[in-house]
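Asks: Input sequences plus hints: build the corresponding full structure.
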Amino acid sequence: MSAAKRNNVKIRGHGETAMVFAHGYGCDQNMWRHVAPAFEGQFRTILFDQVGAGGSDLAAYDAEKYASLSGYADDLAALGEELQLRDAVFVGHSVSAMIGVLASLKSPGLFGKLVLVGPSPRYIDDGDYRGGFTPEQIGELLDFLAANHMGWSAAMAPAIMGNPGQPELGEELTASFCRMDPAIARDFARATFTADNRADLAKVTVPTLILQCSEDIVAPTQVGEYVHRQIRGSRFVQLTATGHCPNLSAPGEVIDAIRAFV
Amino acid sequence: MSAADEDFEDLYQNAPFGYLSMRPDGRLLRVNATLLGWTGHTADQLTDKRFHDLLTAGTRLLYETSYAPLLSMHGAYDEISLDLHTAKGAVLAVTASGRIRRDANGQPLSIRVAFNKSGERRRYERELVEAREQSQALERATQALLKAERQSSELREQFIAVLGHDLRNPLASISGGLRLLQREQPPDRRQLLLDMLQGSVSRMSGLIDNVLDFARGRLGTGIPLNLRSDIALTPVLEQVVSELRTGTPERAIETDFHLNLPVCCDPSRIGQLLSNLLGNALTHGARAKPVRVYADTDGGELTIWVANGGDPILPAALERLFQPFFRGQVKPSQQGLGLGLYIASEIARAHGGTLTATSDRQETRFTFRMPVATR
Numbered sequence: 001m002s003a004a005k006r007n008n009v010k011i012r013g014h015g016e017t018a019m020v021f022a023h024g025y026g027c028d029q030n031m032w033r034h035v036a037p038a039f040e041g042q043f044r045t046i047l048f049d050q051v052g053a054g055g056s057d058l059a060a061y062d063a064e065k066y067a068s069l070s071g072y073a074d075d076l077a078a079l080g081e082e083l084q085l086r087d088a089v090f091v092g093h094s095v096s097a098m099i100g101v102l103a104s105l106k107s108p109g110l111f112g113k114l115v116l117v118g119p120s121p122r123y124i125d126d127g128d129y130r131g132g133f134t135p136e137q138i139g140e141l142l143d144f145l146a147a148n149h150m151g152w153s154a155a156m157a158p159a160i161m162g163n164p165g166q167p168e169l170g171e172e173l174t175a176s177f178c179r180m181d182p183a184i185a186r187d188f189a190r191a192t193f194t195a196d197n198r199a200d201l202a203k204v205t206v207p208t209l210i211l212q213c214s215e216d217i218v219a220p221t222q223v224g225e226y227v228h229r230q231i232r233g234s235r236f237v238q239l240t241a242t243g244h245c246p247n248l249s250a251p252g253e254v255i256d257a258i259r260a261f262v
Numbered sequence: 001m002s003a004a005d006e007d008f009e010d011l012y013q014n015a016p017f018g019y020l021s022m023r024p025d026g027r028l029l030r031v032n033a034t035l036l037g038w039t040g041h042t043a044d045q046l047t048d049k050r051f052h053d054l055l056t057a058g059t060r061l062l063y064e065t066s067y068a069p070l071l072s073m074h075g076a077y078d079e080i081s082l083d084l085h086t087a088k089g090a091v092l093a094v095t096a097s098g099r100i101r102r103d104a105n106g107q108p109l110s111i112r113v114a115f116n117k118s119g120e121r122r123r124y125e126r127e128l129v130e131a132r133e134q135s136q137a138l139e140r141a142t143q144a145l146l147k148a149e150r151q152s153s154e155l156r157e158q159f160i161a162v163l164g165h166d167l168r169n170p171l172a173s174i175s176g177g178l179r180l181l182q183r184e185q186p187p188d189r190r191q192l193l194l195d196m197l198q199g200s201v202s203r204m205s206g207l208i209d210n211v212l213d214f215a216r217g218r219l220g221t222g223i224p225l226n227l228r229s230d231i232a233l234t235p236v237l238e239q240v241v242s243e244l245r246t247g248t249p250e251r252a253i254e255t256d257f258h259l260n261l262p263v264c265c266d267p268s269r270i271g272q273l274l275s276n277l278l279g280n281a282l283t284h285g286a287r288a289k290p291v292r293v294y295a296d297t298d299g300g301e302l303t304i305w306v307a308n309g310g311d312p313i314l315p316a317a318l319e320r321l322f323q324p325f326f327r328g329q330v331k332p333s334q335q336g337l338g339l340g341l342y343i344a345s346e347i348a349r350a351h352g353g354t355l356t357a358t359s360d361r362q363e364t365r366f367t368f369r370m371p372v373a374t375r
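Here the protein sequences line up with chains F and X, keeping their order.
The numbering of the first sequence is my numbering, which starts it at 1 and goes up by one.
The numbering of the second sequence is my numbering, which starts it at 1 and goes up by one.
Check each hint, because a few of them may be wrong.
Claimed, not checked - Sample of chain X residues at the chain F side, in silico, Cβ under 10 Å:
1. L62
2. E125
3. T246
Said to hold, decoys possible - Here are the simulated DMTMM-like pairs of lysine to aspartate or glutamate, each with C-alpha atoms no more than 25 Å apart in a straight line:
4. F:K106 with F:D74
5. X:K117 with F:E140
6. F:K65 with X:E243
7. F:K5 with F:D87
8. F:K5 with F:D57
9. X:K289 with X:D195
10. X:K49 with F:E215
11. X:K88 with F:E136
12. X:K49 with X:D78
13. X:K88 with F:D143
14. X:K117 with F:D143
Bear in mind the hints are in silico, worked out from the structure with no lab data behind them.
Here a beta-carbon is modelled for each residue, glycine too, at the ideal position from N, C-alpha and C.
Replies: Structure representation (structure tokens):
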């Protein structure tokens with residue numbers, strides 16, 4: 001199956017260089033809807049859904065392959081190969097920041113620059129390393145996801161029911177936003193929040209920009225700083241945007257920071 | 001009482017649902033008395049706290065990665081499941097609905113979230129999930145049972161086939177032979193009849209062995225081995241060859257044995273393996289061409305191969321040769337159980353060895369290999 005179909009790839013914009021946007025855990029490529037258009041004049045923008053999320057091909061889901069982030073990185077590398085990407089700019093949010101790092105190591109030359117938005121190589125504390133969560137807390141999340149299939153499904157309903165605040169969002173576009181099969185959501189959560197990719201950071205050699213949110217409980221500032229220290233020559237930008245999703249809450253600030261880097 | 005008498009503050013504070021508002025960055029603005037009562041927090045305790053401080057760590061992660069983006073994108077969510085901390089450290093299961101309040105320019109002013117207790121619903125959901133898991137487990141168990149039942153019924157049919165047909169043929173020839181022996185016979189003719197009887201008995205015995213071994217293999221115990229070290233295999237192999245020569249005196253069997261090393265194995269099983277391979281070659285090989293049997297222990301490995309001439313086996317059939325009940329294109333008189341090669345491959349496996357087949361215009365060859373000394 002083509003990577004374009006598997007990952008629901010959407011290509012827009014013009015430019016010699018491609019800019020690949022990867023969404024994080026919990027949502028889909030619509031996460032980038034306020035950011036990606038700003039780069040369409042200069043770049044060929046490539047958006048996609050991780051398998052299991054959004055409009056991806058659920059038939060391609062393989063619990064074994066996607067039990068670790070490496071499976072997602074393989075998809076990204078395959079996508080790059082299919083689209084013949086060279087030295088593309090990679091913009092990854094949350095868990096996809098690490099997926100992009102892994103893909104860049106698997107396929108040297110695929111990405112010329114990395115933009116990591118709210119990255120975390122490990123969410124669970126380990127010795128002196130403060131990931132922000134205890135193993136018990138991550139266990140709590142996984143238990144919650146395991147036991148709350150119905151609650152999870154119900155949460156998806158409003159996505160289809162419309163959006164009182166922002167009527168410009170078409171229903172067809174957003175019907176799948178944050179919608180995920182409960183079993184896949186649990187698998188992806190396990191792959192994401194139990195991952196440890198700290199050792200991969202030092203292997204990164206391409207220019208890297210780290211965008212760190214304020215008051216981000218998912219990827220706290222000390223984690224972003226850790227990533228900055230581990231990736232030689234990386235640039236660290238502290239955003240004033242709060243929370244874990246600046247691409248939605250402060251797109252302007254994110255756009256400015258990326259533009260200054262690329 | 002009229003609508004004007006309704007006290008709005010009381011309508012808010014003591015609503016039959018929890019209600020709070022927060023700034024867009026998550027800092028709490030107001031929390032109603034109902035929610036404070038449910039969670040056991042006081043209004044003072046929550047000053048300067050953020051919304052996610054009320055959530056358990058698990059749902060906090062979920063909220064930040066899934067629900068907050070949903071709210072940001074749609075301005076609303078409904079019926080999401082969350083777990084709240086209570087002041088006493090307990091967990092309160094709720095469903096929540098949220099709305100963003102915006103100013104005239106569409107900028108978020110605040111976020112309002114209403115909560116309903118959902119302990120009962122959560123229990124119900126959990127039971128549903130458990131019920132589904134149980135039914136899936138049951139389904140798997142049923143399928144496994146069904147499969148086992150099908151296998152045992154196949155086995156039963158095969159036993160019936162053996163008793164009804166495959167054993168009846170040699171039995172008929174024994175019966176015929178005995179009738180002839182009851183009359184006066186010249187000594188050479190008498191010897192021929194006895195050899196024929198012996199051949200039929202061997203064939204019946206081999207069939208019974210194969211069926212029993214197949215049943216054992218299928219019932220999970222595998223081919224039982226009586227392993228002995230330092231076995232000199234040459235006499236074992238020669239005995240097998242001589243038995244089959246007796247059964248088919250018109251066929252040429254050429255042997256070439258170089259067994260210089262003793263072997264750790266079950267000699268009767270290795271004999272059975274050769275007997276099955278040789279029987280197969282005699283049945284399917286071209287009658288005009290000799291069947292060749294070769295064995296050596298070179299390189300610390302026991303190799304036994306049996307080769308016959310004749311039409312090559314088609315590649316598709318070659319793949320299925322070692323499956324139980326596989327029968328190639330054979331004449332009715334040559335019908336076997338289709339178990340011989342399967343049993344031979346199981347014997348090879350039990351010895352930590354391999355049994356492979358190659359076939360071309362020159363010859364069809366089955367090769368058995370195993371280490372001379374097993375672990």
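Asks: State for each hint whether it applies.
Replies: Outcome of the hint check:
1. Nearest Cβ of chain F to the Cβ of L62 (chain X): about 6 Å, under the 10 Å cut. The hint holds.
2. Interface hint status for E125 (chain X): upheld, as the beta-carbon distance to the closest one in chain F is roughly 4 Å, under 10 Å.
3. With a least beta-carbon distance of about 56 Å to chain F, the hint placing T246 (chain X) at the interface is violated under the 10 Å criterion.
4. At most 25 Å may separate the alpha-carbon atoms for a hinted pair to count; K106 (chain F) and D74 (chain F) meet this at roughly 8 Å.
5. Between K117 (chain X) and E140 (chain F) the CA atoms are separated by roughly 20 Å; this keeps the pair inside 25 Å, and the hint holds.
6. Taken as a hint, the K65 (chain F) and E243 (chain X) pair is broken in the structure, with Cα atoms around 55 Å apart against an allowance of 25 Å.
7. A distance of roughly 23 Å separates the Cα atoms of K5 (chain F) and D87 (chain F); the hinted pair therefore holds under the 25 Å criterion.
8. The straight-line distance between the Cα atoms of K5 (chain F) and D57 (chain F) is roughly 7 Å, inside the 25 Å bound, and the hint therefore holds.
9. A hinted pair counts as satisfied when its Cα atoms are at most 25 Å apart, and K289 (chain X) with D195 (chain X) qualifies at roughly 24 Å.
10. With a C-alpha separation of about 12 Å, the suggested pair K49 (chain X) and E215 (chain F) falls inside the 25 Å cut-off, and the hint holds.
11. Taking the CA atoms of K88 (chain X) and E136 (chain F), the gap is near 19 Å; set against the 25 Å cutoff, the hint holds.
12. As the CA atoms of K49 (chain X) and D78 (chain X) are separated by approximately 23 Å, the hinted pair is consistent with the 25 Å bound.
13. Annotation: proposed proximity of K88 (chain X) to D143 (chain F) holds, straight-line Cα distance about 21 Å (limit 25 Å).
14. For the suggested pair K117 (chain X) and D143 (chain F), the alpha carbons sit about 19 Å apart, so the restraint of at most 25 Å is met.
In summary, the numbered hints that this structure violates are 3 and 6.
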